[in-house]
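Undergrad: For reference, the chains in residue letters:
Protein chains: 2
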Amino acid sequence: MFIAMNRFRVKHGSEPEFEEAWLNREVFIDREPGFVAFHLLRGPQTEEHTLYVSHTMWAAAEDFDNWTRSESFRAAHKSAGGGKPLYIGGPQFEGFVAIQEVKPAGS
Amino acid sequence: MFIAMNRFRVKHGSEPEFEEAWLNREVFIDREPGFVAFHLLRGPQTEEHTLYVSHTMWAAAEDFDNWTRSESFRAAHKSAGGGKPLYIGGPQFEGFVAIQEVKPAGS
Chain S
0 MFIAMNRFRV
10 KHGSEPEFEE
20 AWLNREVFID
30 REPGFVAFHL
40 LRGPQTEEHT
50 LYVSHTMWAA
60 AEDFDNWTRS
70 ESFRAAHKSA
80 GGGKPLYIGG
90 PQFEGFVAIQ
100 EVKPAGS
Chain R
0 MFIAMNRFRV
10 KHGSEPEFEE
20 AWLNREVFID
30 REPGFVAFHL
40 LRGPQTEEHT
50 LYVSHTMWAA
60 AEDFDNWTRS
70 ESFRAAHKSA
80 GGGKPLYIGG
90 PQFEGFVAIQ
100 EVKPAGS
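Top line first, the protein sequences correspond to chains S and R.
Just so you know, numbering that gives the first Met the number 0 puts 89 at position 90 of the first sequence, and the rest follows in order with no gaps.
Just so you know, numbering that gives the first Met the number 0 puts 3 at position 4 of the second sequence, and the rest follows in order with no gaps.
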């Protein structure tokens, strides 16, 4: 399992617009080889921002790498960056390899 | 879906010991109500540390809250903090609510 996360520090007041942009976008990722699940996560707040994380689970790191080189990736990102900035700085990418997995007992 | 993450900045050289401690611990969480999955994640490196994240998926935030008040939680954490420190600072907790989920097409 490989998990690709992008952290977005969204300015207070811009949360509804940020969420709407994600919820209304066209989804291209759901037929990619090795794609397991995507979640948009809303996390903790500081005085100046709310942390959001785009969180994509892949069967393996190679599946993520292949997707970043695909037409589907370009289509998904072509409209990114338009409009006024809703978050502070750029998104911060962090890629993770799962080195242990625990599932519910009996599953 | 609720995801509870703890971020650990593990000092270079301490990675094998840190991983071993997780891989060899007794697992108490796998019978908890609402438990979906646990992953120990190894992420990016800086000059001084490797980022690890303990990553637990729950059906809902209440399931996580209930677990933190359980006997299972106390048992899982009773040995934490022993031995020499393997990471910089304390673990940094971040809790996330999923506001969008995408699964593979046709699943």
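One or more hints might be untrue.
No copy labels: a pair is met if it fits in one copy or bridges any two.
[Stated by the list, open to error] Listed next, the in silico SDA-like pairs over lysine to any residue satisfying Cα-Cα at most 25 Å (straight line):
| no. | residue 1 | residue 2 |
| --- | --- | --- |
| 1 | 102 | 42 |
| 2 | 102 | 47 |
| 3 | 77 | 47 |
| 4 | 10 | 30 |
| 5 | 77 | 25 |
| 6 | 102 | 58 |
| 7 | 102 | 41 |
| 8 | 102 | 88 |
| 9 | 10 | 29 |
| 10 | 83 | 61 |
| 11 | 102 | 44 |
| 12 | 83 | 59 |
| 13 | 83 | 60 |
| 14 | 83 | 47 |
| 15 | 10 | 103 |
| 16 | 77 | 3 |
| 17 | 83 | 62 |
| 18 | 10 | 106 |
| 19 | 102 | 63 |
These aren't lab readings, by the way, just hints derived from the structure by calculation.
Undergrad: Would you mind marking each hint as holding or not holding in the structure?
TA: To see whether the hints hold, each was checked on the structure:
Taking identical chains as interchangeable, the C-alpha atoms of residue 102 and residue 42 lie at most 25 Å apart whether they share a chain (23 Å) or sit on different chains (21 Å). Taking CA atoms no more than 25 Å apart as the test, residue 102 paired with residue 47 passes in neither setting, with 37 Å inside one copy and 32 Å between copies. Taking CA atoms no more than 25 Å apart as the test, residue 77 paired with residue 47 passes in neither setting, with 28 Å inside one copy and 36 Å between copies. When the C-alpha separation of residue 10 and residue 30 is checked against a cutoff of 25 Å, the pair qualifies neither within a copy, at 32 Å, nor between copies, at 39 Å.
With identical chains, the CA atoms of residue 77 and residue 25 are at most 25 Å apart within one copy only, with a shortest distance of 11 Å there and 46 Å across copies. In this assembly of identical chains, the alpha carbons of residue 102 and residue 58 lie at most 25 Å apart whether taken from the same copy (16 Å) or from different copies (13 Å). Taking the closest pair of Cα atoms, residue 102 and residue 41 come within 25 Å of each other both inside a single copy (24 Å) and across two copies (18 Å). Within a single copy, residue 102 and residue 88 get their C-alpha atoms no closer than 36 Å, and across copies no closer than 29 Å, so neither meets the 25 Å cut-off.
When the C-alpha separation of residue 10 and residue 29 is checked against a cutoff of 25 Å, the pair qualifies neither within a copy, at 29 Å, nor between copies, at 37 Å. In this assembly of identical chains, residue 83 and residue 61 lie within 25 Å of each other by CA distance neither inside one copy nor across copies; the values are 33 Å within and 36 Å between. In this assembly of identical chains, residue 102 and residue 44 lie within 25 Å of each other by CA distance neither inside one copy nor across copies; the values are 30 Å within and 27 Å between. Taking the shortest alpha-carbon separations for residue 83 and residue 59, neither the intra-copy value of 35 Å nor the inter-copy value of 33 Å comes in at or below 25 Å.
In this assembly of identical chains, residue 83 and residue 60 lie within 25 Å of each other by CA distance neither inside one copy nor across copies; the values are 32 Å within and 32 Å between. In this assembly of identical chains, the alpha carbons of residue 83 and residue 47 lie at most 25 Å apart only when taken from the same copy (17 Å versus 36 Å across copies). Taking the shortest Cα distances, residue 10 and residue 103 never come within 25 Å of each other, neither inside one copy (37 Å) nor across copies (31 Å). When the C-alpha separation of residue 77 and residue 3 is checked against a cutoff of 25 Å, the pair qualifies only within one copy, where the shortest distance is 19 Å, while the shortest distance between copies is 31 Å.
In this homomeric assembly, residue 83 and residue 62 never come within 25 Å of each other (Cα to Cα): the closest approach is 32 Å inside a single copy and 38 Å across copies. In this homomeric assembly, residue 10 and residue 106 never come within 25 Å of each other (Cα to Cα): the closest approach is 41 Å inside a single copy and 35 Å across copies. In this assembly of identical chains, the alpha carbons of residue 102 and residue 63 lie at most 25 Å apart whether taken from the same copy (23 Å) or from different copies (15 Å).
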